[in-house]
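Student: Below are the chains, spelled out letter by letter.
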Amino acid sequence: MSTNVTETLQFNCTTCPSECLLTVKVERSADGAVVEVHSVTGNSCPRGYKFAHQELTCPMRVFTTTVAVSSGDEALLPVRTAEAIPLALHAQAMDLIRGLTVDAPIRMGDVVLKNLLDTNINLIASMDIDPA
Amino acid sequence: MAEFKSSVIDTDAVEAVPTQAFDVVVIGGGPAGMAAALAAHKADARVAIVEREQHLGGILRQCIHPGFGLSHFKQELTGPEYAQRFIDQVHATDIALFLDSMVIGIDSGESTEDAAVHSVTLMSPTGMLQLTGRAVVLAMGCRERTRSEIKIPGSRPAGVFTAGLAQRYINIENLKPGSRAVILGSGDIGLIMARRCTLEGISVEGVYELMPYANGLRRNVKNCLDDFGIPLHLSTTVTRVIGHDRVEAVEVSQVDEHLAPIPGTERVVPCDTLLLSVGLIPENELSVAAGVELDPRTRGAVVDQSLQTGVPGIFACGNVLHVHDLADNVTTESERAGAAAAAYALGCGAGADADAAGPGCELTVSPAGIAGYALPGRITTVGLTKLNFRVRRPVDTARVRILAGDKELFAGKVRPFKPSVMESFPLPAKVIQRALDLGVSEIVLSVDPVEEA
Amino acid sequence: MAETFDIAIVGAGITGCAIARQLARFDLSICVVEAANDIALGASKANGGLVHAGYDPAPGTVKAQVNARGCELYGTWSQELGFLFCRTGSMVLGFNDEDRTHLEQLRRNGHVNGVPELSIVGPDRIHELEPRASADATCALWCPSTGLVDPFEVAIAALENAVANGVTFMRSAPVEAIEVAGSGDDARFTLATPVGNVRCRYLINAAGNGAADISHMAGAEKFHMVWRQGNIVLLDKEPRTLMPLYPVPTPVSKGVIVTGTVHGNTVITATAAVREAGDTQTYASDVNALLTGARKLVPDLDTRRVVRAFAGGRPVIQGTNDFFIGQSAVVPGLFQAAGIQSPGVASAPAIAERMEYVIRKAGVALRERADWDPIRRAPDDFDRTPLARKEELIESDPAWGQIVCRCETVPEAEIVAAIRRRPGAVSVEGVKRRCRAGMGRCQSGFCQSRVAAILARELGCDPSEVLLEHTGSWLVEGPLKGVR
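Here the protein sequences come in this chain order: G, Y and H. Be aware that the first sequence starts at 15, since it is given in the working numbering, and climbs by one per residue. Be aware that the second sequence starts at 256, since it is given in the working numbering, and climbs by one per residue. Be aware that the third sequence starts at 14, since it is given in the working numbering, and climbs by one per residue.
The shape of chain G in the complex, shown without the other chains (with noise of 0.2 Å):
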């Protein structure tokens, strides 16, 4: 174990509006994999101390992006994803809806696209769109 490495990194939490500045104190193995979160200060509410071990782990966000509708009058439909899916799909999940198409009327919390990569995430709509 003498290889671990232990650093301190400072990052916002982006929980809530407060945007806490957290130090966190991380000891890594050498290929860079968090062996363990040894301390996080600065965060106001427990919820900073979990986004930060979650930040070291498998940083989560929500996704959003668009995607193109047919007959609507709109050219295209704001999407989600119903809970935030790792940071590390958002590109694969982009390519996967470039050539997707949606029929109008829509409306808001629709699911687009169930499971999306396997996630158990649905991508939903955030707007309702009428029919053109």
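It is worth saying that the hints were derived from the structure and are not from the lab. Among the hints, a few may not be true.
[What the hints assert, rightly or not] Here are a few chain H residues that sit away from chain G, every Cβ distance over 12 Å (derived from the structure):
hint, residue
1, R82
2, N109
3, E189
4, V193
5, D198
6, R212
7, H229
8, D292
9, N334
10, P411
[Claimed, not checked] What follows is a set of in silico ranges between Cβ atoms, one per label pair, in the way DEER data are often shown:
hint, chain 1, residue 1, chain 2, residue 2, range
11, G, Q68, Y, P486, 20 to 28 Å
12, H, H237, Y, D482, 53 to 61 Å
13, H, Q92, Y, P486, 33 to 41 Å
14, Y, D482, G, R61, 44 to 52 Å
15, Y, K685, G, N129, 56 to 64 Å
16, H, S185, Y, P486, 50 to 58 Å
17, G, N134, Y, Q275, 30 to 38 Å
18, G, T71, Y, K685, 48 to 56 Å
[To be verified] Reference listing, derived: stretches of chain Y covered by chain G, where coverage requires no fewer than 3 residues with Cβ under 8 Å from a Cβ of chain G:
hint, region
19, 313-325
20, 460-474
Ideal placement from N, C-alpha and C gives every residue a C-beta, glycine not left out.
Given chain G, put chains Y and H in place with the hints provided.
Tutor: What follows is chains Y and H alone, placed relative to chain G:
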């Protein structure tokens, strides 16, 4: 030279235009207008919203990213979702909607004694129309500062877009504005567009920022730049646009502490697109034409604690009043304006105020120290007053102080301040009363950096 | 074989367009050949819109002969062609005794050049005429005949009228070579362009900054153009339009002038620096010089309200500061209208008039056509239209009520008209020059995508083919979604 006047409103002709009467006419159907209209409707006013687009929602329709609603709805929504929730609420009421309609003038009538009835003249593909109301709420939002306003020299090819225009092309029009972009300005729209471009296959060469710090929210620097490895170059600006027909490159230079480009630091960055996120300006041409006085610092109306402008019965809220950081704060402010407008309209008299608590007074509020502005600029009631301000530069340790003459009436706790955040500060009635007792006509909101102990 | 025109005019700047309009009344076949894809894209574009009165040019020069006359002709031209023209008058402000001596000199010049009603006035009259003029001004040359125009509108109106009277307009046709046959040949000149050859009996060179090249190609007079570059700043609209205010001129230029525009904006025009030919860049030093210079004349000018800064080159013939208008001494049948720098806009109607005289004198038969119509019906300018007419327009077509450009109140129907008129707009900037969509303070931030969509629809092209201005100035690449 009367022949130079544009948008001439011929009073006789206006009288021939069909008229509809309301209590409160809200100009703008974005987040500010919808929140104001809903609040006015809740107070039993007859309300109309005039919106120039064919849909309600305003600029939120193209802000497809998350980050909205954290304080208002206690959950993270995208811009369109945030808008849709209000659109649904508006549709559930009998608020009259005038879409695809452009307001060409507000006429406040002759009367100055009583509450005048304001006439809002609008135009749409179905013709001209006049809406009357005792109260008008200005909620027209803002526009983006342009290349010309920040005087970037060089040629004038295609490919220079304000960030919002590029956002419209990408998120609304389904069109790719270029392949290789440089972004000037680290305001929130610039940061959001850096991520958006990257995801859509437009490579972002870098974000350049004139100031020595990022102008946007920390969450956006992290989620939009750091997540994608997009470099942020501080104290650097675009000093020349290169390319005759389409942008071929931009020249960037470092700037000194006076923000002047440092000769010898020029670097040419090849790109086909330059996005500008260099500030927002409240759109008040209509307000000025209606006789509303503007604050040169905010470029929005001078208002009192109920968000009423200098013209009785005309209220203002949202980004047309001052540029906000979060849509949630626009909503909160606009609900106040809408409620105050309804109270004014239904109370039918001057001074009828939503939070008409205390006795009247006349105080002006001015910013000092590193506070860039203070809002409201006037206080006419002794009552709890919400003050808003922004600092001009980031500081780690500073405090808010309320001053009257050479007396300090209040001092806040020492804490950090960032220009990206619109600060809110509750001014207690007793502080206002103390200022009045001192016989002053002005109180000062000062944000002063302090040395750390 | 292609038609042989009686006359080909090279250049659709304000000079070429004015000449085309002047000659369209005669029984001649005329073609205007333009290198760019639209009208007034060269020197005419980078202009402050002032119709200078003519006290400036040295007496005896060609400029002196055409400037005051041009200024005078704007009255009838604006009425016939339906463009905005406002004879505001102007003042040259003097700040000391030395300036006063200069003003006296200008007044004498003006008198010789035929400029009417010039007088020297003192501080009281200065502030009566323009309350915002600097309080430090002790004297001024008051010139009531100075006027304002929109230079694009003048060129466009003139060419529209010419085309309505049968003139052919060829755009995107840069002249690459000129073949000159014997003087007896029916088609003496053949102009080679990428879109085909143009054959003509007589050739008029109104090519602005390209005039030296055209003259050389035809084997006529050898001269060189100097690119005397000027930066110009356009400020936002003011509640009251400013009267044109000039400083005492320098030997090479009129100095930094502040003036209102016909649309109620303020323009600061122009710097003068010899730069590389074709350089239309703005420079920080020039823009600062303009703003500083303007504040000397109008101290309370809010110079933060810049709507646009732009630049162009004045076509100056090296070795002379004068216009060159006349038949070539080397190649008969070629007529030169070269070196039309400042005051080219002011002089344009008189240059056209003089060109008519020159070619008549050269023996070209000019027979008036019975069906010539001097009147150009201007398109409806919605923003300036009285309310009753606005309602009528919306009733006739709902697109008149669909405002696309909010800063300048330009509805969709007005944009469509700008594209459909002949010659119509083919680019976003072409639309802007015709109906002001995108000309305002947001600089098309709100309306560019809508104007582009209307252009694509009207021109029947893909959005990726819509141009901002010149060929190659593409706006967008194509769709992002719904594509494989």
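Student: Looking at the structure, which of the earlier hints fail to hold?
Tutor: Failing hints, ascending: 13, 14, 16, 17.
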